[in-house]
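Undergrad: Heads up: the sequence shown begins at 1 in the UniProt record's numbering, then just goes up one per residue.
Honestly, the hints are just simulated from the structure, not real lab data.
Since we're looking at a predicted model, the values are computed, not measured.
Nothing false has been slipped in among the hints.
Computed cross-link-like contacts, DSS-like style, restricted to lysine-lysine with a CA-CA straight-line distance of at most 27 angstroms:
id	residue 1	residue 2
1	Lys9	Lys161
2	Lys103	Lys91
3	Lys8	Lys25
4	Lys25	Lys84
5	Lys13	Lys91
6	Lys142	Lys161
7	Lys9	Lys91
8	Lys84	Lys8
9	Lys103	Lys161
10	Lys84	Lys9
11	Lys8	Lys91
12	Lys25	Lys9
13	Lys13	Lys84
14	Lys152	Lys91
15	Lys84	Lys103
16	Lys161	Lys8
17	Lys152	Lys8
18	Lys142	Lys103
19	Lys103	Lys152
20	Lys84	Lys29
21	Lys25	Lys91
Pair by pair, the computed Cβ-Cβ distance ranges are:
id	residue 1	residue 2	range
22	Ile62	Gly164	20 to 26 angstroms
23	Thr95	Lys9	18 to 24 angstroms
24	Val85	Lys142	17 to 23 angstroms
25	Ile37	Pro150	23 to 29 angstroms
26	Tyr81	Gly12	23 to 29 angstroms
Here a beta-carbon is modelled for each residue, glycine too, at the ideal position from N, C-alpha and C.
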Amino acid sequence: MANVVLGKKSSGKWRMCVDYTDLNKACPKDSYPLPSIDRLVDGASGHALLSFLDVYSGYNQILMYPPDEVHTSFITDRANYCYKVMPFSLKNAGTTYQRLMDKVFHQQIGRNMEVYIDDMVVKTTSTGTHAADLAEVFGQIKRHNMRLNPEKCVFGVQGGKFLGFMITSRGIEASPEKCKAII
Numbered sequence: 001m002a003n004v005v006l007g008k009k010s011s012g013k014w015r016m017c018v019d020y021t022d023l024n025k026a027c028p029k030d031s032y033p034l035p036s037i038d039r040l041v042d043g044a045s046g047h048a049l050l051s052f053l054d055v056y057s058g059y060n061q062i063l064m065y066p067p068d069e070v071h072t073s074f075i076t077d078r079a080n081y082c083y084k085v086m087p088f089s090l091k092n093a094g095t096t097y098q099r100l101m102d103k104v105f106h107q108q109i110g111r112n113m114e115v116y117i118d119d120m121v122v123k124t125t126s127t128g129t130h131a132a133d134l135a136e137v138f139g140q141i142k143r144h145n146m147r148l149n150p151e152k153c154v155f156g157v158q159g160g161k162f163l164g165f166m167i168t169s170r171g172i173e174a175s176p177e178k179c180k181a182i183i
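Given these sequences and hints, build the entire structure.
TA: Take a look at the structure:
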């Protein structure tokens, strides 16, 4: 039975987190490979238009395998609960999510989008095809019952932050926040 802790998000809102330290120690590490961040950033830079997508509570959109739900049990002052969807703090949550994204978007990854766990960018070399590229990605999102967070999505821009790098139609640029830290 795990304990609950509260963590403050960058937005100022609070997030309930469950301390799965003991469960994570008992679980073997999933060896599924995460993509190279350098390759993804290089692949997303230098495009005419970009759209940055954020899946709404992405991990929580993945159902738990029912016999494993009991392992996610946690205690509060009112009752004991377990997750029916994948919680954020499990050891293999990131690799599980990446495996699912690779499966859902296998025809788009590298061609008109890049995905690193829950960070997604739709990329287009010609401004005239961006709407069609987005429609293709949205079709997959709808087909797999995924929900986007409209507050965090940005559509049809010439640049933005992806995996901590500033990518634009000109390539990879220095992030203004990182430049300020140096100066």
